[in-house]
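In the working numbering, the protein residues as written are 317 to 875.
These are computed hints drawn from the structure, not numbers from a lab.
Please note that the accuracy of each hint is not assured.
[Unchecked claim] Listed below are the simulated DSS-like cross-link pairs for lysine-lysine, each with C-alpha atoms no more than 25 Å apart in a straight line:
hint: 1; residue 1: K506; residue 2: K441
hint: 2; residue 1: K419; residue 2: K506
hint: 3; residue 1: K823; residue 2: K748
hint: 4; residue 1: K506; residue 2: K489
hint: 5; residue 1: K748; residue 2: K489
hint: 6; residue 1: K489; residue 2: K810
hint: 7; residue 1: K597; residue 2: K612
hint: 8; residue 1: K810; residue 2: K780
[Unchecked claim] Per label pair, the in silico range of CB-to-CB distance:
hint: 9; residue 1: N547; residue 2: E789; range: 18 to 24 Å
hint: 10; residue 1: F422; residue 2: A670; range: 32 to 38 Å
hint: 11; residue 1: D743; residue 2: T838; range: 50 to 56 Å
hint: 12; residue 1: P875; residue 2: A647; range: 25 to 31 Å
hint: 13; residue 1: T416; residue 2: D713; range: 46 to 52 Å
Where a beta carbon is used, it is the ideal one built from N, C-alpha and C, also for glycine.
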Amino acid sequence: MKFSSPALNAIRSREPACRPRWLALATGTLVGLAAALAGCGGGSGGSSFAGGIGAVGTVGGNGGGSNGSGDPAPVVPDTQQASAESRCKAFLGRTFDGATITKATFMPATDAVPEHCIVRGEMPKDLDFDVRMPTEWNHRTVFRGGGGFDGYLNVGYISDPAVSPVGSPDLPKRGYATIATNHGHDMIAKPGGSFALDEDMLADYAYASVPRVLVPAKSILRAHYGDSFANTKMVYEGCSGGGRQALMQAQRHPDLFDGIIARAPANAFTSQFLWYQKIGKQLAKPGAALSAAKIKTIGDAVYAKCDGLDGLNDRIIGKPEACQFDPVELACNGAETDACLTPAQVESAQAFYAPTSIANGRYVWPGFLPGGETAATWGASTSNLGGDFIKYMVAQDASVDPLLLDPAQYTARLDQLSAMLDAVDPDLSRFKARGGKLVLWTGQTDWLITANNATEYYQSVVKKSGGQSAADEFVEYYTAPGVEHCNGGNGADKVDLAGPMFEWIEKGTKPSSSTIVATQRTVAAGATPASRPLCRYPQYPRYVGGDPNAAASFVCTSP
């Protein structure tokens with residue numbers, strides 16, 4: 317494990333003493349990173365919860381057959397009871413475990429979504445949550461993680477692709493109940509990272525909100541579904557910041573969820589955000605910025621050298637770990653042009669691929685894999701991420717220039733933040749002992765959180781668990797070539813992991829026991845969405861002939 321986090325041992329034994337803008341993924345090139353960083357101007361502790369796997373119990377009485385997707389057929393509540401609409405509206409104004417219900421809305425079925433009940437609750441200080449309960453419920457519940465700096469509700473009944481969840485698709489249509497939270501603050505009232513100046517809100521964002529919300533959320537589900545809620549399972553799924561939250565539950569709250577799906581996790585939070593600052597400083601050096609044309613030159617060189625390593629030239633590098641590329645290969649031999657890199661630009665490009673240490677080696681961040689360079693997707697705007705982390709979390713001063721701050725002068729604060737925010741502990745023995753299952757997933761052309769981050773965490777879990785066989789009992793890791801941060805890119809970015817996870821925790825059938833097929837979420841008009849088998853690490857999808865857009869034309873192959 318290459319992560320360096322001084323507070324790791326403290327995480328295992330105690331909670332820390334101290335208490336995103338992500339609705340639309342903003343895409344930009346590396347050109348504006350330094351400018352964005354330079355130009356950024358200027359509750360309560362967690363509740364204990366005794367539920368989880370032990371309280372939820374084992375599967376039983378979930379009747380019904382398969383609906384073709386691996387999900388059990390939805391079951392309609394007893395029609396002799398009050399109507400679904402009246403039962404839903406009756407939640408308004410009630411209190412559950414310290415939460416006040418401020419909204420209870422019955423939604424009739426449409427072509428897009430099934431009939432369902434929306435219950436919105438509030439808790440101190442500004443902790444909001446949302447529970448969505450389909451009338452025809454399949455006895456499965458997914459807690460949806462957030463992302464970025466949170467401050468919004470990641471609900472699943474929205475048609476706008478800019479704000480729709482990026483996890484398992486079509487959960488509402490398939491009968492799942494869902495839970496979501498804003499993680500302790502409102503992004504409108506507290507934009508970007510400004511909420512972190514309030515230590516209670518920072519604690520909710522860091523680690524406290526999920527266990528706090530889960531108590532009243534389960535009470536609401538129990539009140540709505542009655543006895544049918546007993547003996548059912550619950551899964552947490554999140555990407556990016558939601559992936560960090562997912563791993564936080566496995567490490568700190570192993571009793572809360574039966575299964576956890578962590579996609580592209582921002583679990584090495586402190587190192588990751590310090591890296592944003594460091595690369596911003598590099599790009600701000602005279603002549604070191606990389607223009608869009610220069611980035612295209614780098615990306616084209618990578619594809620020319622490595623695209624065919626998986627057997628197919630399709631601008632999806634199936635084996636990025638095997639790609640031996642050094643930006644020095646593009647160094648200008650004479651006058652500078654868009655087709656070559658100056659020494660300062662070579663240094664900038666190399667900084668992306670190479671592991672780096674920060675604050676005199678106190679924190680370490682792995683480099684990025686080759687491929688997808690022209691995307692340069694940074695998730696939320698860099699000013700809301702790297703800059704706001706420095707201002708609001710590290711310096712705790714909105715007037716600080718993020719590029720001028722020296723992290724080595726703030727090691728005490730960084731260690732405190734690491735203890736609150738990082739989810740890098742590889743010891744998942746308590747989660748495994750409770751019967752918990754973990755699925756890790758990452759896109760390999762993710763230029764916000766390097767795929768190497770998830771890989772190194774997985775390898776550390778394998779080692780801590782006592783080797784591959786022991787780890788295989790409860791964790792599987794999948795990589796998606798050509799996929800950017802959570803979604804997007806040339807690769808197959810749309811994949812259901814919730815269904816396979818429930819099959820694992822309910823029936824003991826591992827996701828890897830059958831082929832999981834991923835497809836492209838968005839394609840040009842008239843184009844055929846590509847599909848690929850989702851391969852379990854360290855395998856990759858090797859092209860063996862046939863339709864290049866068909867999953868059947870690829871075989872998961874060991875390197």
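For each hint, the structure was consulted:
Pair hint K506 plus K441 holds up; C-alpha atoms about 13 Å apart against a cutoff of 25 Å. Between K419 and K506, the direct Cα distance comes to roughly 22 Å. Compliance with the 25 Å bound is thereby established for this hinted pair. In summary, the hint linking K823 to K748 is supported, as the alpha carbons are separated by about 16 Å, within the 25 Å threshold. Between K506 and K489 the alpha-carbon distance is near 33 Å, which puts this suggested pair outside the 25 Å criterion.
Between K748 and K489 the CA atoms are separated by roughly 31 Å; this puts the pair beyond 25 Å, and the hint is violated. Between the alpha carbons of K489 and K810 the distance comes to roughly 16 Å, so the proposed pair stays at or under 25 Å and holds. With a C-alpha separation of about 22 Å, the suggested pair K597 and K612 falls inside the 25 Å cut-off, and the hint holds. Restraint check for K810 and K780: not satisfied, since their Cα atoms lie roughly 31 Å apart, outside the 25 Å limit.
Checked against the hint of 18 to 24 Å, the pair N547 and E789 passes, with Cβ atoms roughly 23 Å apart. Between F422 and A670, the C-beta spacing of about 55 Å breaks the proposed range 32 to 38 Å. Distance hint check for D743 and T838: the Cβ-Cβ separation is about 39 Å, which falls outside the suggested range of 50 to 56 Å. For P875 and A647, the Cβ-Cβ distance of about 30 Å falls inside the hinted range of 25 to 31 Å, so the restraint holds.
For the pair T416 and D713, the supplied restraint of 46 to 52 Å is violated, since their beta-carbon distance comes to about 35 Å.
Going through the hint list in order, the structure does not satisfy hints 4, 5, 8, 10, 11, 13.
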